[in-house]
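Undergrad: Residue strings, one per chain:
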Amino acid sequence: MKMTWVLLLITVVATALSDLLQSYEMKHAGAQSVGARGLARLVRMIVARRYLLLSIVCLAFSFFAFMALVQTAPLSFAVPASAASFILETAFAKVLLKERIGGRRAGGTLLVLCGIVLLGR
Amino acid sequence: MSISAKLLRTYIWLVLFLALRAVGNLSLAWGTRRLPQKLAADPLVYVRSMLDPFVAFGIVLLIVALLARLALLSVADLSFVLPMTAVGYVVAALLGRVFLHESVSLQRWFAVTLIFAGAALVGTTPQNTTATVRK
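Here the protein sequences line up with chains A and B, keeping their order.
Just so you know, we're using the working numbering here: the first sequence kicks off at 83 and counts up by one.
Just so you know, we're using the working numbering here: the second sequence kicks off at 1030 and counts up by one.
One or more of the hints may lead you astray.
[Said to hold, decoys possible] Selected chain B positions facing chain A (Cβ under 10 Å, derived; list incomplete):
| id | residue |
| --- | --- |
| 1 | Ser-1033 |
| 2 | Arg-1062 |
| 3 | Pro-1072 |
| 4 | Arg-1077 |
| 5 | Val-1110 |
| 6 | Gly-1117 |
| 7 | Gln-1136 |
| 8 | Leu-1143 |
| 9 | Gly-1147 |
| 10 | Ala-1149 |
| 11 | Thr-1159 |
Worth flagging that the hints you see were computed from the coordinates, not collected in a lab.
Built from N, CA and C at the ideal position, the CB exists for glycine as well.
Construct all of the structure, not just a fragment, from the sequences and the given hints.
TA: In structure tokens:
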């Protein structure tokens, strides 16, 4: 049971860092086109942009921790519980990425948080 | 690009990401449960686990899902993307119930409903509140 929470913590912290770096870089990259060509361009972009590359390293940590988590915990618990990271990320998005988080977005995020807390009980 | 074209592109990337991640996670969970050893015990088991076809297929789908999410972040805020992609938990609960025969209690369904409602509320806000600045 203790290992489950350790794996969850690694997943959450690594995911938050990875998302922050990805969002920062993609805001600067501009809108990406839909389709196979767009996906291929994204692969090249990961190699060229160092923060994206670093975000992939963080994602790898998160991924392996998550893989170990889903082996023992139910998928319907592991997937939503690992989403606890987005509360941390929403705060960082406002402070560091200067995103405008109004009442509806904050309220919606709070509802999602309530859902996650209920899942963990 | 017009606002409606950007909105359409946002939702195309969102649906693509949700579908890829849901099937990828399911395949990964299915594959890891067939493994004889616990993954947390030995790092080499991680490498060997990738030889399992379900684990390998899950990894490929999750890589493509990652690219779709990067594209999504190019047209929408992180604080928009996070709750919106929470809709994936509803899908995960459904897939876990149907394919992995996991028991999903009434309380867990209620929690999933709250997540869905929160995502729907966030969906009514503008998807991008920061100006795009090209390097």
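Undergrad: None of the hints should be skipped; say for each whether it holds.
TA: Quick rundown of the hints versus the structure:
no., hint, result
1, Ser-1033, "violated (13 Å)"
2, Arg-1062, "holds (6 Å)"
3, Pro-1072, "holds (8 Å)"
4, Arg-1077, "violated (12 Å)"
5, Val-1110, "holds (8 Å)"
6, Gly-1117, "holds (7 Å)"
7, Gln-1136, "holds (6 Å)"
8, Leu-1143, "holds (3 Å)"
9, Gly-1147, "holds (3 Å)"
10, Ala-1149, "holds (7 Å)"
11, Thr-1159, "holds (6 Å)"
Checked against the numbered hints above, the structure violates hints 1, 4; every other hint is satisfied.
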